[in-house]
Amino acid sequence: MTIEINGTPHDRTPRPGQCLRTYLREEGCFGVKKGCDAGDCGACTVHVDGTPVHSCVYPAFRAAGRRVTTIEGLASGGGLHPVQQGFLDAQGFQCGFCTAGMIMTAAALTDAQRDDLPRSFKGNLCRCTGYRAITDAIEGRPAAVCPRAGSAVGANLGAPAGPAVVTGTARYTFDLDVPGLLHLKVLRSPHAHARILSIDASEALAVPGVEAILTHKDAPERLFSTAQHENEAEDPYDTRVLDDVVRFAGQRVAAVVATSEAAAEEGVRRLRVEYDVLPAVIDPERAMEPGAPLVHGDKGVAQGIVRADANVVGELHAAIGDVDLGFAQADAVYEATFRTPRVQHASLETHGAVGWLDDDDRLVIRSSTQTPFLTRRAVSRLFGLSADRVRVVAGRVGGGFGGKQEMLVEDLVALAVLRTGRPVKWEYTRAEQFTAATTRHPFVMTVKAGTRTDGTLTALQLTVLVDTGAYGNHGASVMHHGCHETVAVYRCANIRTDAHTVYTNTVPSGAFRGYGLGQVTFAVEQVLDELARMIGMDAVTFRELNVVRPGDDLTAPGSHVPDLGIGSYGLDQCLDRMRAAASSPASSAASSPPEGWLVGDGMAIAMIAAGPPGGHFADASVTLLPDGRYELAVGTAEFGNGSTTVHAQIVADELHTTPDRIVIRQSDTDVVRHDTGAFASTGVVVAGEAVLRAARALRARILAAAERSPSEVHYLTAETVDGISLTGLGPMTERGHFDGTPRSVSFNAQWFRVAVDPGTGELRILRSVHSADAGTVMNPLQLRGQIEGGVAQAIGATLAEHVDVDAGGHVTTAAFRQYHLPTFADVPFTEVHFADTTDAIGPLGAKSMSESPYNPVSPALGNAIRDAIGVRLTDLPYTADRIWQALHHSG
Amino acid sequence: MDLHTVTEVISPAEPGQWRPGDAWLGGGTALLGEPRPHITRLLDLAAAGWPPLTVRDDGVEIAATCTIAELASGLGRYGIVLQCCHAFLASFKIWNVATVGGNLCAALPAGPMISLSVALDGTCVLVGPDGGERRVPAAEFVTGEGTTVLRDGEFLRAVHLPSAALGSRTAYRRGSLHRHGRSAVLLIGRAEPAGGFSLTVTAATRRPHVLRFPEAPSAAGLDAALDTIPASQYVDDVHGRPVWRRHLTRHYATQIRTDLLAGRRPT
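Protein sequence lines correspond, in order, to chains A and B.
With full-length UniProt numbering, you'll find the first sequence wraps up at 891, consecutive numbering, no jumps.
With full-length UniProt numbering, you'll find the second sequence wraps up at 267, consecutive numbering, no jumps.
It is worth saying that the hints were derived from the structure and are not from the lab.
Heads up, the beta-carbon is just placed ideally off N, CA and C, and yes, glycines get one too.
Heads up, a few of these hints could be off.
What the hints assert, rightly or not - Short derived list, chain A residues pointing at chain B, Cβ under 7 Å: (1) Val53; (2) Val57; (3) His560; (4) Asp881.
Produce the complete structure using the sequences and hints provided.
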């Protein structure tokens, strides 16, 4: 019996317990994606005899004698299926990992199902877009354009990878066939804190197919941090590839490398480990207490840990002015304590890497990473290899959100490749994403603020506790960043900050979109909202009176790199949008509240630095190819952030050509000298600046070849320079570099109108308005998408998401069924407005706009709920049960 | 996901074949949705070829292997059937594969086929290793979160829904933390033509609870009956706090009583 795949019979018999998804991928259909592996996300959707199914929970043996259609076989005759065309035209994707499943689902809908997309798509998760662009794709509203030469910047150019994404041919990390591949699986600690006394691998080694077992005895002694920053010393050196002490339930204990996943898993089950279980600290509020178990008591300042004897990784105690004086001057003072939980990035592509030795015996690692160059540096240092003996490549990355600014797999894959000499793959399971990757840092924040009745903010005091979990990756930096722009956006004479980042024996926290700003903004913006209420002033006016203005210094307690300034100012325009939204009558809202529901409005603002302090570097090169096209080489990775599109637009305009004549090579340590990475909102402002410089240098050289000066740019066309054909003039390469300084700031503001059912606690968002100051808008379509996606992700964190850890330190929410991601039905339409500004610093006047739309969302919702129900909710998430309880207990 | 420890599939499977390490396989959507390292063989019931829906004089027999999609198209004319199908957290694509029996046997509080079978006075038909049948009221089939009355080697063959129950008036309420999220509370009220009244509480509680009344209860009578469900029976997990589930149970029960009473008046 054969299985027919896209019209071709396949004779290989599936393994007995195999799911159809794996079988199809083994037969070469890499467009069928492994997202959740549990039937929840829909990325693996295929048609069996014309019926759509989730192939990850469809037994492969059952497909015998049936016809299977995958994304690769959807279109007939070499063109695009109308649904594929719809997704391309509307750019209904960002990272694109969910797209094949979305398309296969949409292509199978009946008319009735198409009329109720929120219900029909409850089995398809997208983490990037917020679903508006997907709705447009399905309902046939095109947006992408193909700009003429010289007019690419500012146009709605589609992503260069779009055609590959919609046809399932875009190659993500694991979408390649590697002959002789070994599979790696790890045994993870069942204890929150333990010393490993012994590991008996004899039974595991006896499993047929097991090739190697790796334990702490095989691992380098060298300490490192999984966090990746240009300045390596930013993070404590507290991690080993495999350690003899485990500090959280879920930490790697040992790795099994085998010829199949099945053998590797069996080997893991047969490892016998003896532990000396140690006392653990789970609650961050107890971590600094005398006598608390020490997570890294064996380390200290030399490893970059401020007070290892009190579990403190980093701390900040600093003031501007005198807060006591400020509170004495205040007519109204408000103080409250806020808590934000762990949140998972939930990129649909999990962490993972494939490593091998190339023909030159060089170590090659293909990884799902935001930082190929820094990962190369980390791997080469760990194993004592020179940088030119290591190559790190990222394919298309299936979502990042900060989670992949981390080396979570490459170190162990490298060890396994070096040990076995064979190709090795390690792909995290969805459960491992929750239990053994990283989460957004949980914060506990007490914010106290005072104002005079005229609206002058007199004092602002922050007490912040950050839980970094068992390892200090990003822990101190997130704290410092979180306590900076959140208060620097306000002119306030008296500010005091006391902040600690502490270790606990829990799953490590890590970089997450917003990098601490979202958490502190959540607290500060709610306290200011309450102050405005106390003095009877509307929230927008109160902000207008107190925010920074053009020419102001951006100051906050603590020492800060002085290269940050206001390169352009659109916050006033953002606030105007908020006022306009608030003045709209309740009846004009997109949907009216049901009878008896409580209605409220709320807003919040946020500011973010365009790039990190202390250095973020990018190299780029642009080459005129012999055929007259251009090749752009840039190090930064593409995971749906869209910076690649903008880079192509920049090159097209600088060289007076069209984006389709630009070939892009990227995210590979072989293509340019260096790139710090795709994080800290730098894709446009740092990498883009390097691209701009390279393109301008090449333009000057091409003009020089025609004996024209750099200013005589009108002599360059898409085909010729001063009448000389570009064909044959190349190859000709120029490079551009940018060191990431100076830096400007971007602004965001979010407004909501909500309704709450007092009988059930159910919350509905009636209207959502977002205003963003991104400087020059390089690509309105993409920028809108980034903002919608950020708002949607933040709505998830505000209304649904929480990674829970029990008293023993175990994560109890390790699947999408326990961890609710926003679906089609959960995300409202958000009106997006751009401020009209041009930045003096950023490339072509542009500023960052990738992390920041996330940040004002939670406090804006908190303020709207407060307005509706009269109760201030301080702990996220705001689920219906908690809202109902707040209403109930407040009487 | 791949079940790497499975070494054999018996398809179609028959009574008596089960041995330790085996799992009865319906659609597979639940079985393949979680790691199952203890399973070594799959006993495929879906290939047995049982007719999904069999109409008899006294009601409808739903085969355990009837998919949700087949149920929705075959019995969707009964509003309560369609409502329970839509109560699935899973999408219509899962409906194409998942089975009624699989949902019952998973025995999750939020299992909507449990809600339906219990509310409509269903009877579960179980087949033992010797091929012998026994019948258990659907209300007694699920004994707790993830547990049923099934014994080793026994499988669920069908659920029988009596005509009288299928034809009676029902009222349905569902509460969830999210619009199309997992059910935190699923209540079905049923008014029988003869005057009987029942309220089936599912999702909120660890197992189904059926409150029966000879006639429509007073508000106080309904409250008193709800009080017989111990507080400890309300589920405590990420899908809703117990105190809220208990409140919603009362809140929706009151609405259901009002609905059914209103529906009894001549128009």
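How the hints compare with the structure:
1. Given hint, Val53(A) at the interface with chain B, holds; its Cβ is 5 Å from that chain's nearest Cβ, closer than 7 Å.
2. Interface restraint check for Val57(A): the shortest CB-CB distance to chain B comes to about 4 Å, inside 7 Å, so the restraint holds.
3. Hint on His560(A) is violated. Least Cβ distance to chain B is approximately 39 Å, over the 7 Å limit.
4. Interface restraint check: Asp881(A) against chain B, minimum CB-CB distance 4 Å, threshold 7 Å, status holds.
Of the numbered hints stated above, the single one contradicted by the structure is hint 3.
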